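Enquirer: Chains as they are written, first to last, in our numbering: chain A, 1 to 329; chain B, 1001 to 1151.
These are calculated hints, taken from the structure and not from any lab test. There's no promise every hint is true.
[Claimed, not checked] With a straight-line cut-off of 30 Å between C-alpha atoms, the simulated DSSO-like cross-links for lysine-lysine are:
(1) A/K78 with B/K1067
(2) B/K1131 with A/K214
(3) A/K214 with A/K230
(4) A/K301 with B/K1103
(5) B/K1147 with A/K133
(6) B/K1067 with A/K194
(7) A/K216 with B/K1103
Predicted model, so just to flag it, every value in this text is computed and none were measured.
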Amino acid sequence: MSKPKLALYWAASCGGCEITILDIEEKILDVANFFDIVFWPCAMDFKYEDVEKMEDGEILITLFNGAIRTSENEYLAKLLRQKSKILVAFGSCAHEGCIPGLANLYPKEEIFEYIYKESPSVINDDKGIYPQKKTLINGYEIEIPEFYETVKPLDAVVDVDYYIPGCPPQSFQVVNVIETLVDILTNNKPLPEKGSILGAGDKTCCDECPRTRKEKRIKTFYRIHEIIPKEDECLLDQGILCLGPATRSGCGALCVKANIPCRGCYGAPPNVEDQGAKMISALSSVIDASTPEEARRIFSKIVDQVGTFYRFSLAASLMKRRHFTELKS
Amino acid sequence: MEIAQEIEIKAKENLKEFNPRIVGFLCNWCAYSGADLAGVSRLKTSPNIRIIRTMCSGRVDPSFILKAFQLGADGVLVAGCHFGDCHYIEGNFKTMRRIEMLKMILPQFGIHPDRLRLEWISAAEAEKYAKVSFEFTEQIKKLGPLKLNSH
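From just these sequences and the hints, can you work out the full model?
Expert: Next up, the structure:
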């Protein structure tokens, strides 16, 4: 019997998700033994054509990491959807847009202006040369993918079967998911419910956090370089903005164990639609302010509020982006 | 006047006037009762406010407000009990902090913070509800319709 086929692809991402796959160490050999890896541009030489030539549904599982930033990302998402039985949004970018999604706070023109004109590392003439979809060079027309106005998570362009959250997903969770899938496939067990979040818990990061919590009364916020946190006390209690209360468990409270507050990469906990809004709700309950002025003073200590509360989930949040209709940037 | 002309005038009249959609979250114990009293007392209130009754203004999760904007509301009113009157002791303090926080982040999303308003209205303050409802409708009319980027 031929081996089930596995594909891995990266769209708008940093490459950390690819590394996390290799981070499963010798288990990668089991993956290669069980599956026939048919597409993995980061590690092996395959062309898009090879995928185009496949039958629909020929690939059993595609692990898709990265957000949808360009027309190429979208094309590959649609192609892999068509060719795969199971499409998994792997990592925070594919799940909720992650860091690339923060670009949604700026219009495309502003991004281009900085990247191709103002950035100190760019040598460009006064007018600035911007990427064009089509360019004529020596009579040949060359084409590059279109840069979209808005970054979208994978499920905004195609139907997604499962999600593996995290920036990047923790390797022990990746092993869990792969072992579960292999078990399901070899023993003909039923697959998890469509739309399930795999490789994560169903509580919040606080549930895994070893620090002791007290009744919270926050008078002011500190940035991490302004204070040396106590090792065993809840970081939020100490006034360090920690996104634990609004973040899904599953990472094993990795950051807080290293004295760094949770930044929210595992995304919104179950039954929460908007991670940032949930964090605002959580903070509002523990701020020690009885007047609007006092509340404003404490909140203004948080630098770049949207960037902090929606660091990983802006593209999948209710607002999705900054809207340039009434307030200019 | 010819009928065709009249139709044009009437049709354009409606277009000229912007009729805002305002979602009002009113707490059961004070603000909703205040709005109810306004109706019973036959006070005129703004028809632009579409009321959702919640048990406490503290029930209004920030995501409800963002959701209202995302689904097409031009303004959101949150109204609850005065400080000290909260049926659940301090729910309205939490609301106050939430609204302050939201007003700070709305501009980062490109939404004018004046589209969100918080008011304390007791069960006896029917007139205050009536006044606030018109004032807020006027305020939103001045700001114009909220248009979110579609892409």
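Enquirer: Hints first: check each against the structure and report whether it holds.
Expert: How the hints compare with the structure:
no. : hint                : result
1   : A/K78 with B/K1067  : 29 Å, holds
2   : B/K1131 with A/K214 : 43 Å, violated
3   : A/K214 with A/K230  : 14 Å, holds
4   : A/K301 with B/K1103 : 15 Å, holds
5   : B/K1147 with A/K133 : 29 Å, holds
6   : B/K1067 with A/K194 : 25 Å, holds
7   : A/K216 with B/K1103 : 23 Å, holds
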